[in-house]
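Residue numbers 1 to 264, in the working numbering, belong to the letters of the sequence shown in order.
I should point out that these hints are in silico values taken from the structure, not numbers from a laboratory. Take the hints with a grain of salt, since some may be wrong.
[Unchecked claim] No farther apart than 25 Å at their CA atoms in a straight line, the calculated lysine to any residue pairs in the SDA-like style are these:
no., residue 1, residue 2
1, K133, A85
2, K133, V107
3, K26, T108
4, K133, A223
5, K26, H38
6, K133, R220
7, K26, D66
8, K133, N78
9, K133, G29
10, K133, M203
11, K133, S155
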Amino acid sequence: MKRKFKLIVAAACALLGIAAQAASDKTVGFDLWRQGWHGPQGSGGSTWRDTDMGNDAPALHTQFLDFGITFATDRNRNFLGDYTALSGVEIGLDVSTQSVFFFNQEVTRDLVVELRDHDNPPDGMPYVSVWAKLGTLDASVTGWQHWSVTIADTSSATLPAGWGGYGAEDPVTFEPRLPEGRSFASVLAGVDELAFTTYVPGMFFGDTYFDVAVDNLFVREIAPVPEPSSLALLAGGLGVLAWRRRATDSVSNRPNMIDRPVGQ
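Starting from the given sequences, assemble the full structure and let the hints guide the process.
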(Lines of atoms letter the chains of each structure in order from A and count residues from 1; the text may use other names and numbers.)
(Lines give C-alpha, C1' and ligand atoms only; values in the text may rest on other atoms or scores of the structure.)
Protein backbone atom coordinates (compact mmCIF):
# COMPACT_ATOMS: atom_id res chain seq x y z
CA MET A 1 0.00 0.00 0.00
CA LYS A 2 2.85 2.41 0.84
CA ARG A 3 4.50 1.77 -2.53
CA LYS A 4 1.22 2.40 -4.35
CA PHE A 5 0.72 5.64 -2.41
CA LYS A 6 4.21 6.86 -3.34
CA LEU A 7 3.60 6.06 -7.01
CA ILE A 8 0.36 8.05 -6.96
CA VAL A 9 2.14 11.04 -5.37
CA ALA A 10 4.91 10.87 -7.99
CA ALA A 11 2.34 10.77 -10.77
CA ALA A 12 0.50 13.75 -9.29
CA CYS A 13 3.75 15.75 -9.16
CA ALA A 14 4.51 14.87 -12.77
CA LEU A 15 1.06 15.99 -13.92
CA LEU A 16 1.50 19.33 -12.15
CA GLY A 17 4.97 19.86 -13.60
CA ILE A 18 6.78 19.58 -10.26
CA ALA A 19 10.14 17.96 -10.88
CA ALA A 20 11.64 15.78 -8.15
CA GLN A 21 15.22 16.74 -8.98
CA ALA A 22 17.32 18.68 -11.46
CA ALA A 23 17.27 17.27 -14.96
CA SER A 24 20.88 18.14 -15.77
CA ASP A 25 24.04 19.45 -14.16
CA LYS A 26 26.98 20.60 -16.30
CA THR A 27 30.12 21.49 -14.33
CA VAL A 28 33.68 22.30 -15.42
CA GLY A 29 36.24 21.72 -12.68
CA PHE A 30 39.26 21.87 -15.03
CA ASP A 31 40.28 18.28 -14.28
CA LEU A 32 40.03 17.73 -18.07
CA TRP A 33 41.98 20.87 -18.99
CA ARG A 34 40.09 24.05 -19.87
CA GLN A 35 37.14 22.46 -21.70
CA GLY A 36 36.55 25.49 -23.91
CA TRP A 37 36.92 28.14 -21.19
CA HIS A 38 39.48 30.93 -21.36
CA GLY A 39 40.66 33.90 -19.30
CA PRO A 40 42.58 37.09 -20.10
CA GLN A 41 45.89 36.75 -21.94
CA GLY A 42 48.35 39.26 -23.35
CA SER A 43 50.74 41.98 -22.24
CA GLY A 44 48.81 42.48 -18.96
CA GLY A 45 49.55 39.00 -17.65
CA SER A 46 48.25 35.48 -18.17
CA THR A 47 45.68 32.84 -17.26
CA TRP A 48 46.62 29.23 -16.64
CA ARG A 49 45.31 25.96 -15.24
CA ASP A 50 46.64 25.99 -11.67
CA THR A 51 46.91 22.66 -9.83
CA ASP A 52 47.94 24.24 -6.50
CA MET A 53 44.85 26.30 -5.67
CA GLY A 54 43.10 23.68 -3.53
CA ASN A 55 39.32 23.32 -3.74
CA ASP A 56 39.85 19.59 -4.46
CA ALA A 57 40.70 20.23 -8.12
CA PRO A 58 42.72 22.40 -10.50
CA ALA A 59 41.42 25.93 -11.08
CA LEU A 60 41.61 28.56 -13.80
CA HIS A 61 43.91 31.23 -12.35
CA THR A 62 44.59 34.72 -13.73
CA GLN A 63 47.08 37.41 -12.76
CA PHE A 64 46.32 40.35 -14.99
CA LEU A 65 46.54 44.14 -15.15
CA ASP A 66 43.70 45.71 -17.12
CA PHE A 67 40.40 47.55 -16.73
CA GLY A 68 38.77 44.22 -15.86
CA ILE A 69 38.91 40.46 -16.32
CA THR A 70 36.62 37.95 -18.03
CA PHE A 71 36.36 34.16 -17.90
CA ALA A 72 34.23 33.02 -20.84
CA THR A 73 33.35 30.25 -23.26
CA ASP A 74 31.98 30.33 -26.78
CA ARG A 75 32.87 26.68 -27.46
CA ASN A 76 31.63 24.51 -24.60
CA ARG A 77 28.17 23.50 -25.85
CA ASN A 78 27.02 22.55 -22.33
CA PHE A 79 26.90 26.29 -21.52
CA LEU A 80 25.51 27.55 -24.81
CA GLY A 81 22.34 27.31 -26.87
CA ASP A 82 18.66 27.77 -26.12
CA TYR A 83 18.17 28.37 -22.39
CA THR A 84 14.41 28.67 -22.88
CA ALA A 85 14.36 24.91 -23.45
CA LEU A 86 15.08 24.58 -19.71
CA SER A 87 12.25 25.05 -17.23
CA GLY A 88 14.55 27.03 -14.94
CA VAL A 89 18.30 27.37 -14.58
CA GLU A 90 20.99 28.09 -11.99
CA ILE A 91 24.39 29.43 -13.08
CA GLY A 92 27.41 29.82 -10.84
CA LEU A 93 31.01 29.09 -9.90
CA ASP A 94 33.56 29.00 -7.08
CA VAL A 95 35.88 32.04 -6.70
CA SER A 96 39.10 32.69 -4.82
CA THR A 97 40.30 36.32 -4.68
CA GLN A 98 43.98 36.86 -3.86
CA SER A 99 44.19 40.53 -4.85
CA VAL A 100 42.31 43.34 -6.56
CA PHE A 101 44.81 46.19 -6.51
CA PHE A 102 44.11 49.72 -7.76
CA PHE A 103 45.98 52.97 -7.15
CA ASN A 104 48.29 51.46 -4.50
CA GLN A 105 45.53 49.87 -2.44
CA GLU A 106 43.28 46.83 -2.31
CA VAL A 107 39.79 47.50 -3.65
CA THR A 108 36.72 45.44 -4.55
CA ARG A 109 35.11 44.70 -7.90
CA ASP A 110 31.74 43.13 -8.67
CA LEU A 111 31.62 39.93 -10.73
CA VAL A 112 28.62 39.40 -13.01
CA VAL A 113 27.43 36.53 -15.17
CA GLU A 114 26.55 37.61 -18.70
CA LEU A 115 24.66 35.57 -21.30
CA ARG A 116 25.54 36.95 -24.74
CA ASP A 117 23.92 36.68 -28.16
CA HIS A 118 26.24 37.80 -30.97
CA ASP A 119 23.73 37.30 -33.79
CA ASN A 120 22.53 40.55 -35.43
CA PRO A 121 23.57 43.07 -32.74
CA PRO A 122 22.58 46.73 -33.14
CA ASP A 123 25.04 48.97 -34.99
CA GLY A 124 28.09 49.73 -32.88
CA MET A 125 27.39 46.97 -30.36
CA PRO A 126 29.34 43.68 -30.18
CA TYR A 127 26.37 41.67 -28.91
CA VAL A 128 23.10 41.76 -26.98
CA SER A 129 23.14 40.32 -23.47
CA VAL A 130 21.41 39.89 -20.14
CA TRP A 131 23.43 39.91 -16.95
CA ALA A 132 23.23 39.69 -13.16
CA LYS A 133 25.60 40.26 -10.26
CA LEU A 134 27.04 37.12 -8.64
CA GLY A 135 29.18 38.61 -5.87
CA THR A 136 32.04 40.97 -5.03
CA LEU A 137 35.72 40.14 -5.48
CA ASP A 138 37.32 41.06 -2.16
CA ALA A 139 40.82 39.97 -1.12
CA SER A 140 39.95 40.39 2.55
CA VAL A 141 37.63 37.36 2.23
CA THR A 142 39.91 34.33 2.35
CA GLY A 143 39.31 30.92 0.85
CA TRP A 144 36.84 29.84 -1.80
CA GLN A 145 33.38 31.34 -2.18
CA HIS A 146 30.43 29.76 -3.99
CA TRP A 147 28.25 32.18 -5.98
CA SER A 148 25.23 31.51 -8.15
CA VAL A 149 22.16 33.12 -9.65
CA THR A 150 18.83 31.56 -10.57
CA ILE A 151 16.46 32.13 -13.47
CA ALA A 152 13.11 30.78 -12.33
CA ASP A 153 11.28 31.50 -15.59
CA THR A 154 13.32 31.31 -18.79
CA SER A 155 10.27 32.29 -20.88
CA SER A 156 9.90 35.71 -19.23
CA ALA A 157 9.73 38.60 -21.70
CA THR A 158 10.72 41.15 -19.05
CA LEU A 159 13.95 41.29 -17.08
CA PRO A 160 13.58 39.54 -13.69
CA ALA A 161 14.54 41.40 -10.54
CA GLY A 162 18.31 41.78 -10.30
CA TRP A 163 18.90 41.35 -14.06
CA GLY A 164 20.04 43.98 -16.53
CA GLY A 165 20.21 44.20 -20.30
CA TYR A 166 22.85 45.34 -22.77
CA GLY A 167 22.74 46.29 -26.44
CA ALA A 168 21.34 49.82 -26.26
CA GLU A 169 21.43 52.89 -23.99
CA ASP A 170 18.69 54.81 -22.27
CA PRO A 171 18.58 58.17 -24.11
CA VAL A 172 18.23 60.10 -20.85
CA THR A 173 20.28 58.22 -18.24
CA PHE A 174 22.63 56.46 -20.70
CA GLU A 175 22.25 53.29 -18.68
CA PRO A 176 22.55 50.04 -20.65
CA ARG A 177 19.33 48.29 -21.64
CA LEU A 178 18.03 45.79 -24.16
CA PRO A 179 17.48 47.17 -27.66
CA GLU A 180 14.02 47.50 -29.15
CA GLY A 181 12.57 44.21 -30.29
CA ARG A 182 14.62 42.14 -27.89
CA SER A 183 13.41 40.53 -24.65
CA PHE A 184 14.90 38.55 -21.80
CA ALA A 185 13.62 35.30 -23.32
CA SER A 186 14.81 36.12 -26.85
CA VAL A 187 18.38 36.60 -25.58
CA LEU A 188 18.22 33.36 -23.59
CA ALA A 189 17.05 31.53 -26.72
CA GLY A 190 20.30 32.27 -28.56
CA VAL A 191 23.18 32.25 -26.05
CA ASP A 192 26.44 31.78 -27.97
CA GLU A 193 28.80 33.01 -25.25
CA LEU A 194 28.65 32.82 -21.45
CA ALA A 195 30.97 35.03 -19.40
CA PHE A 196 31.88 35.66 -15.78
CA THR A 197 33.26 39.19 -15.88
CA THR A 198 34.09 42.33 -13.90
CA TYR A 199 33.16 44.44 -16.93
CA VAL A 200 29.76 45.40 -15.52
CA PRO A 201 27.71 46.96 -18.35
CA GLY A 202 27.54 50.73 -17.92
CA MET A 203 30.49 50.89 -15.50
CA PHE A 204 34.06 52.07 -16.18
CA PHE A 205 37.25 51.43 -14.19
CA GLY A 206 40.94 52.27 -14.38
CA ASP A 207 43.78 49.78 -14.75
CA THR A 208 43.48 47.27 -11.93
CA TYR A 209 45.68 44.30 -11.02
CA PHE A 210 43.67 41.10 -10.54
CA ASP A 211 44.86 37.88 -8.92
CA VAL A 212 41.75 35.68 -9.08
CA ALA A 213 40.97 31.99 -9.58
CA VAL A 214 37.71 30.32 -10.60
CA ASP A 215 36.59 26.70 -10.37
CA ASN A 216 33.51 24.49 -10.73
CA LEU A 217 31.77 26.68 -13.31
CA PHE A 218 28.29 25.26 -13.78
CA VAL A 219 24.87 25.54 -15.36
CA ARG A 220 22.11 23.45 -13.81
CA GLU A 221 18.49 22.93 -14.78
CA ILE A 222 16.17 23.43 -11.83
CA ALA A 223 12.57 22.51 -11.15
CA PRO A 224 9.95 25.10 -12.05
CA VAL A 225 8.15 26.88 -9.23
CA PRO A 226 4.53 25.60 -9.30
CA GLU A 227 1.66 28.07 -9.48
CA PRO A 228 -0.31 28.54 -6.21
CA SER A 229 -3.36 26.91 -7.85
CA SER A 230 -1.25 23.86 -8.68
CA LEU A 231 0.01 23.64 -5.10
CA ALA A 232 -3.55 23.84 -3.81
CA LEU A 233 -4.65 21.12 -6.24
CA LEU A 234 -1.76 18.90 -5.19
CA ALA A 235 -2.48 19.46 -1.48
CA GLY A 236 -6.16 18.66 -1.99
CA GLY A 237 -5.36 15.54 -3.98
CA LEU A 238 -2.90 14.29 -1.36
CA GLY A 239 -5.50 14.97 1.33
CA VAL A 240 -8.04 12.79 -0.47
CA LEU A 241 -5.44 10.06 -0.94
CA ALA A 242 -4.55 10.16 2.75
CA TRP A 243 -8.27 9.98 3.74
CA ARG A 244 -8.86 7.02 1.45
CA ARG A 245 -5.82 5.25 2.86
CA ARG A 246 -7.05 5.74 6.44
CA ALA A 247 -10.51 4.51 5.44
CA THR A 248 -9.02 1.41 3.81
CA ASP A 249 -6.88 0.68 6.87
CA SER A 250 -9.96 1.10 9.11
CA VAL A 251 -11.98 -1.41 7.08
CA SER A 252 -9.16 -3.93 6.99
CA ASN A 253 -8.81 -3.80 10.79
CA ARG A 254 -12.57 -4.09 11.51
CA PRO A 255 -13.76 -7.42 13.08
CA ASN A 256 -15.47 -9.80 10.66
CA MET A 257 -19.28 -9.54 11.18
CA ILE A 258 -20.31 -12.15 8.60
CA ASP A 259 -22.48 -15.06 9.94
CA ARG A 260 -22.53 -13.60 13.45
CA PRO A 261 -25.99 -13.59 15.18
CA VAL A 262 -27.57 -10.17 15.68
CA GLY A 263 -27.00 -8.91 19.24
CA GLN A 264 -23.66 -10.67 19.69
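Practice problem: Hint by hint, work out which the structure violates, then give me just those numbers in ascending order. | Solution: 3, 7
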